[in-house]
Amino acid sequence: MSIVANFDLYAPRLVNKEEYFVHGHRACQGCAEALAIRLMCKALGKDAVIINATGCMEVVSSLYPTTAWKLPWLHVAFPNSAAAGSGVSAALKVLRRKGKISDRPVKAVSIGGDGGTFDIGLQALSGAMERGHDLLYVCFDNEAYMNTGIQRSGATPFGASTTTHPAGPASTGKSAWKKNLTEIMIAHNVPYVATACPSYPIDFIRKVEKAKKVKGPAFIHVLAVCPTGWRCASEKAISMGRLASETGVFPIYEVVDGKYSLTIKHDKLRPVADYLKLQGRFRHLSPDMVKQVQERVVQEYNKLLDKVDNLHAWSELKG
Amino acid sequence: MKQVLEGSQAVAEAVKLARVDVISAYPITPQTHIVERLSDFGAEGKISAKYLRVESEHSALAALIGAATGGARTFTSTSSQGLALMHELLHWASGARLPIVMAEVNRALAPGWNIWADQTDSLAQRDTGWIQLYCENSQEVLDSTLIAYNLAETVNLPAMIILDAFYLSHTYEPVDVPEQDLVDRFLPSLKPKFQIDQDDPQAFSSLVTPNAYMEMRYNIAQAMDETISQLDSIEGKFHDIFGRRYGAIESVQCEDADIVMVTSGTITSTCRQVIRDLRAQGEKVGLCKIKMFRPFPIDAIRSTLQNANKIAVIDRNFSFGATGIFAQEIRAALCNLPRRPLVFGYVAGLGGRDVTTGIIESIYRCTKDTDVPLSESIWIGLQEVSDGRARS
Chain B
55 MSIVANFDLY APRLVNKEEY FVHGHRACQG CAEALAIRLM CKALGKDAVI
105 INATGCMEVV SSLYPTTAWK LPWLHVAFPN SAAAGSGVSA ALKVLRRKGK
155 ISDRPVKAVS IGGDGGTFDI GLQALSGAME RGHDLLYVCF DNEAYMNTGI
205 QRSGATPFGA STTTHPAGPA STGKSAWKKN LTEIMIAHNV PYVATACPSY
255 PIDFIRKVEK AKKVKGPAFI HVLAVCPTGW RCASEKAISM GRLASETGVF
305 PIYEVVDGKY SLTIKHDKLR PVADYLKLQG RFRHLSPDMV KQVQERVVQE
355 YNKLLDKVDN LHAWSELKG
Chain Y
5 MKQVLEGSQA VAEAVKLARV DVISAYPITP QTHIVERLSD FGAEGKISAK
55 YLRVESEHSA LAALIGAATG GARTFTSTSS QGLALMHELL HWASGARLPI
105 VMAEVNRALA PGWNIWADQT DSLAQRDTGW IQLYCENSQE VLDSTLIAYN
155 LAETVNLPAM IILDAFYLSH TYEPVDVPEQ DLVDRFLPSL KPKFQIDQDD
205 PQAFSSLVTP NAYMEMRYNI AQAMDETISQ LDSIEGKFHD IFGRRYGAIE
255 SVQCEDADIV MVTSGTITST CRQVIRDLRA QGEKVGLCKI KMFRPFPIDA
305 IRSTLQNANK IAVIDRNFSF GATGIFAQEI RAALCNLPRR PLVFGYVAGL
355 GGRDVTTGII ESIYRCTKDT DVPLSESIWI GLQEVSDGRA RS
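These protein sequence lines map, in sequence, to chains B and Y. Heads up, the first sequence is in my numbering, so the first residue is 55 and it goes up one at a time. Heads up, the second sequence is in my numbering, so the first residue is 5 and it goes up one at a time.
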């Protein structure tokens, strides 16, 4: 039985069959970010507006006069998709109240890559989350400035070789560790924060559906495997995302009103070497550096498990 | 009804009367009285706008770009460093053809750190595609804000109402605040030419290749050109209802003048007095106030200035490596005329230094007594000069 026929059999019960991010865009072969966007849109449905920071997805999807989007879509520069999204959210709210647009609720959804979120857009994101707009922000993190050609960002992992911090005789790639953006969002007391990966499509779709229902700010951090920038085989994009989860490099969890839970669990973490060795950006790492990465990943994972085990939902902590 | 208002408060009254949907702003002196007054209106339930207290000026304008694309009538206000921080998105607002209105209180740029009047902040944004209206008094501020909404929404370009720090933003004057029903007649609710619509989804601000970008820019240029004639007809409508109009420029006794002084902002009011005094002494002097700087009303400026022998432009701003910015534009506007007056460029009042009647009269005397300009820019009132340039 073909995959398509198989899809028709069981998927309608799990996944919206409508497509809002369609074929014809110019993403690279094996781009997991394009897949993630497609899944996000299915989960959002018709009543959403996408506010897109400058980046890969803006460039590949919008070449005038074409568009891959079947939702209203707005691009507003690099550092400010969260600020522009808060304006869209405010306008829709006030115009509905004044009876100038139809009364049905429409979700403002700001999206950005890791550069537009971790780095240049962090201030605008922090402001929007603090103000508490009815706004979902989804960060599609491919761990470097891929649109401009694989430059290092605050989301680039330790040791990765990029075009602005390449490995060489006098360099071992990025010398700092990846910024923990998800924790920064949790520190804003955002009621729904999650990590996700399109390698676990149903988990991701359910999280978007949950986030959409929040009447306030919500944040999802999506790991988007980038075969071009990670220098790995394009057909490995899905399995690479699974390896990121299975090794503990990118744990998949959610935080609902302060309560942590792992939504993708593994009995035992695989060694990080299984993940690193498949990617050209890490090919220069010495065994010592791989060991360093391994120790850090386990430490971070244990910190997360500690929160899963010990932190309570805010409602349980009322005086 | 007449009220005694600061220029800042006049802006806020106009924003209330315009029934703005979304306000987004970040505090900076000397713009704060505008946003504080609007905040009071909100707290008192006098306006129904959604007010976003954003974390930067960059985000203030970004939020309005989102809101205006959503179909909302929008307002922001800033000064100086804040306007400079917005620069990227000033281009964006005009490129996206959004009729956002901003009140910009002219303030000097740092360093040295200076909160007083200086036009270099807004004039440095002259190429961003915003309509720029420089105001002289609080009544003009209120009226121009209402006119700016009508104008911006007609041509789909953003508009800046510009007022001098403190001399106008913080000075109380009697202002006729119009009735709401009359304002509603002049400025009906916004009917966006495009907006976010779930039933007709569109992509805004896409990637554009060289084969379409130039045409989009040309469309903006055409809209700017159209703004000059639209101002005339919109002010006609305003005059029919409220009995006041201003024009892109105002000419005072220029018809027979040998020397015409060119001013903008609050220096104009002081210059009016100087013109009266000098005329009483028999001097053939006129005044050309430039209210609209973008688009630059070249035809009106040519016809007003071409018969004078000398033009004295007073700039409370400076473009380093060039000259005062109004002087540049006046020279460019006149250069292709068969008979051109001499243009004397004077730089005065930077960083809020007072430009008194005495200073303006000395500028007139210097222009009258000199056959040709001694330099392209004559700095007035410098306490130390080392290069022999004229001083008063």
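Some hints here could point you the wrong way.
[What the hints assert, rightly or not] DMTMM-like cross-link-like pairs, simulated, lysine to aspartate or glutamate; straight-line CA separation at most 25 Å: (1) B/K154 x Y/D201; (2) B/K154 x Y/E48; (3) B/K266 x Y/E40; (4) B/K71 x Y/E380; (5) B/K124 x Y/D203; (6) Y/K50 x B/D157; (7) B/K71 x Y/D203; (8) B/K96 x Y/E48; (9) B/K100 x Y/D203; (10) B/K266 x Y/D203; (11) B/K267 x Y/D201; (12) B/K266 x Y/D201; (13) B/K269 x Y/D188; (14) B/K152 x Y/D262; (15) B/K154 x Y/D188; (16) B/K152 x Y/E40; (17) B/K124 x Y/E333; (18) B/K269 x Y/D262; (19) B/K361 x Y/D204; (20) Y/K195 x B/D342; (21) B/K71 x Y/D201; (22) Y/K372 x Y/D204; (23) B/K100 x Y/D204.
[To be verified] Away from chain Y, derived, C-beta distances all over 10 Å, residues of chain B: (24) E112; (25) P133; (26) Q205; (27) A241; (28) D342; (29) E354; (30) S369.
[Stated by the list, open to error] If you want the footprint, here are the derived chain Y segments under chain B, 3+ residues with CB under 8 Å: (31) 45-56; (32) 202-208; (33) 211-224; (34) 245-254; (35) 344-352.
If you are wondering where the hints come from, they were derived from the structure by calculation, not from laboratory data. Note that beta-carbon positions come from the ideal geometry of N, C-alpha and C, so glycine has one too.
Here is what the structure says about each hint:
1. For the hint linking B/K154 to Y/D201, the alpha-carbon distance of about 12 Å falls within 25 Å, and the restraint holds.
2. Taking the CA atoms of B/K154 and Y/E48, the gap is about 24 Å. The hint holds against a cut of 25 Å.
3. Taken as a hint, the B/K266 and Y/E40 pair is broken in the structure, with Cα atoms around 34 Å apart against an allowance of 25 Å.
4. A hinted pair counts as satisfied when its Cα atoms are at most 25 Å apart, and B/K71 with Y/E380 does not qualify at roughly 70 Å.
5. Of the pairs offered as hints, the one joining B/K124 and Y/D203 holds, with about 10 Å between alpha carbons and a cut-off of 25 Å not exceeded.
6. Distance check on the hinted pair: Y/K50 and B/D157 sit about 24 Å apart at the alpha-carbon level, within 25 Å; holds.
7. About 18 Å separates the Cα atoms of B/K71 and Y/D203, which keeps this hinted pair within 25 Å; it holds.
8. For the suggested pair B/K96 and Y/E48, the alpha carbons sit about 43 Å apart, so the restraint of at most 25 Å is broken.
9. For the hint linking B/K100 to Y/D203, the alpha-carbon distance of about 9 Å falls within 25 Å, and the restraint holds.
10. For a cut-off of 25 Å, the pair hint linking B/K266 to Y/D203 stands: about 19 Å separates their Cα positions.
11. Only pairs whose Cα atoms come within 25 Å are accepted, and B/K267 paired with Y/D201 is accepted, the gap being roughly 20 Å.
12. At roughly 19 Å between alpha-carbon atoms, B/K266 and Y/D201 fall within 25 Å of each other, so this suggested pair holds.
13. Restraint check: the Cα-Cα separation between B/K269 and Y/D188 comes to about 34 Å, which exceeds 25 Å; the hinted pair is violated.
14. Distance hint between B/K152 and Y/D262 is unfulfilled; the C-alpha atoms sit about 57 Å from each other, more than 25 Å.
15. Using a Cα cut-off of 25 Å, the hinted pair B/K154 and Y/D188 holds, with the two alpha carbons roughly 16 Å apart.
16. Taking the CA atoms of B/K152 and Y/E40, the gap is about 24 Å. The hint holds against a cut of 25 Å.
17. At most 25 Å may separate the alpha-carbon atoms for a hinted pair to count; B/K124 and Y/E333 exceed this at roughly 46 Å.
18. Between B/K269 and Y/D262 the CA atoms are separated by roughly 68 Å; this puts the pair beyond 25 Å, and the hint is violated.
19. A distance of roughly 45 Å separates the Cα atoms of B/K361 and Y/D204; the hinted pair therefore is violated under the 25 Å criterion.
20. For the hint pairing Y/K195 with B/D342, the CA-to-CA distance comes to about 65 Å; that exceeds 25 Å, so the pair is violated.
21. Simply put, B/K71 and Y/D201 have alpha-carbon atoms about 22 Å apart, close enough for the 25 Å limit, and the pair holds.
22. Note on Y/K372 and Y/D204: the hinted pairing is violated, with a Cα-Cα distance of about 64 Å set against a maximum of 25 Å.
23. Annotation: proposed proximity of B/K100 to Y/D204 holds, straight-line Cα distance about 11 Å (limit 25 Å).
24. Against the 10 Å criterion, B/E112 falls within the reach of chain Y, whose nearest CB is about 7 Å from its own CB.
25. Non-interface status of B/P133 relative to chain Y is broken: a Cβ of that chain comes within 10 Å, the nearest being about 7 Å off.
26. The claim that B/Q205 lies off the interface holds: its Cβ sits roughly 19 Å from the closest Cβ of chain Y, which is beyond the 10 Å cut-off.
27. Every Cβ of chain Y is farther than 10 Å from the Cβ of B/A241; the closest lies at roughly 16 Å, confirming the non-interface assignment.
28. Annotated as non-interface, B/D342 keeps its C-beta farther than 10 Å from every C-beta of chain Y; the closest such distance is 42 Å.
29. Its beta-carbon lying about 29 Å from the closest one in chain Y, B/E354 satisfies the requirement of being farther than 10 Å from that chain.
30. Chain Y leaves B/S369 outside its interface by the beta-carbon criterion, the shortest separation being 28 Å against a cut-off of 10 Å.
31. For the stretch 45-56 of chain Y, the assignment as covered by chain B holds, since 4 residues bring a beta-carbon within under 8 Å of that chain's beta-carbons and 3 suffice.
32. Counting residues of the stretch 202-208 of chain Y whose CB lies closer than 8 Å to any CB of chain B gives 5, so the stated coverage by that chain holds, three being the minimum.
33. Requiring three or more residues with a Cβ within less than 8 Å of a Cβ of chain B, the coverage given for the stretch 211-224 of chain Y holds, as 4 such residues are present.
34. Under a criterion of three residues with beta carbons nearer than 8 Å to beta carbons of chain B, the stated coverage of the stretch 245-254 of chain Y fails, only 0 such residues being counted.
35. As drawn, the stretch 344-352 of chain Y meets chain B at 0 residues by the rule of a beta-carbon pair under 8 Å; below three, the given contact is violated.
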